[in-house]
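Quick note: the sequence shown uses numbering that gives the first Met the number 0, first residue 0, plus one each step.
Don't read these hints as lab results, they were simulated from the structure.
Hints may be right or wrong, so weigh each one.
To be verified - The calculated label-pair distances, taken between Cβ atoms and stated as ranges, are:
{"#": "1", "residue 1": "187", "residue 2": "69", "range": "15 to 21 Å"}
{"#": "2", "residue 1": "30", "residue 2": "83", "range": "46 to 52 Å"}
{"#": "3", "residue 1": "191", "residue 2": "150", "range": "23 to 29 Å"}
{"#": "4", "residue 1": "30", "residue 2": "146", "range": "42 to 48 Å"}
{"#": "5", "residue 1": "168", "residue 2": "146", "range": "36 to 42 Å"}
{"#": "6", "residue 1": "150", "residue 2": "174", "range": "15 to 21 Å"}
In this text, all values refer to a predicted model and were calculated from it rather than measured experimentally.
All residues carry an ideal CB built from backbone N, CA and C; glycine is no exception.
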Amino acid sequence: MSDKMIKKILPTIILAGCAACSEIDPVEVVIEEPSPITWTECGHDMGDHPCDFTLKDQNGDDWNLYENYGSLIVLDFTAEWCYYCQVAAADAQTVQDAYADEGLIYVTLMIENSSGDPPSESTISQWADYFGIDAPILLGSRDLLNSGDGEGWSIGGWPTFYFINKEMVIRKGMQGYSDEAMITIIDMILLEEAGGEEK
């Protein structure tokens with residue numbers, strides 16, 4: 000077969016092939032990202048991956064701990080009747096805003112209302128409005144706490160804070176409230192994650 004004949008036949012074959020391809024429905028390929036959650040055990044001690052939970056926030060939406068993997072999370076276990084919990088609440092949105100660029104989420108877990116009973120949706124909604132908090136305030140209960148069986152979060156006083164790093168590991172805890180201590184712990188964890196010396 001001559002070169003001239005090949006040059007005439009080849010475009011025809013290519014065009015026929017393309018026409019056939021256009022009749023095939025395209026297949027949508029969805030590549031799912033692997034879950035970063037790879038551990039099988041959880042706990043509430045320093046160095047543990049915390050156990051997952053889903054609770055309602057002040058807007059009536061579900062807030063899930065593990066869905067926030069990759070964020071530095073401050074968990075604030077609080078009671079409405081507690082004075083120092085109120086002091087912490089007055090600073091909560093300021094802390095959230097100051098570290099928003101670093102991926103921090105300040106999460107308040109309301110455990111008791113002003114009477115020491117389980118809080119209601121109106122309790123956390125009023126708390127958010129009074130203290131000007133847009134960060135998540137969750138409808139918690141004593142079911143989340145360690146009742147002496149080794150399960151749940153240990154609360155030795157109000158408020159109690161747990162700091163969870165971006166790898167979803169509990170790095171620090173703090174009982175009571177100090178704005179200076181709060182900032183020191185957050186900065187220390189960010190320094191660690193940036194490859195700093197402090198551990």
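Hint check results:
Between residue 187 and residue 69 the Cβ separation comes to about 19 Å, which falls inside the hinted range of 15 to 21 Å. Between residue 30 and residue 83, the C-beta spacing of about 48 Å keeps the proposed range 46 to 52 Å intact. Taking the beta carbon of each, residue 191 and residue 150 are about 28 Å apart, inside 23 to 29 Å as hinted. Between residue 30 and residue 146 the Cβ separation comes to about 44 Å, which falls inside the hinted range of 42 to 48 Å.
At about 24 Å, the CB distance of residue 168 to residue 146 disagrees with the hint of 36 to 42 Å. Restraint check, residue 150 to residue 174: a C-beta distance of roughly 19 Å satisfies the suggested window 15 to 21 Å.
The structure fails hint 5 only (numbered hints given earlier).
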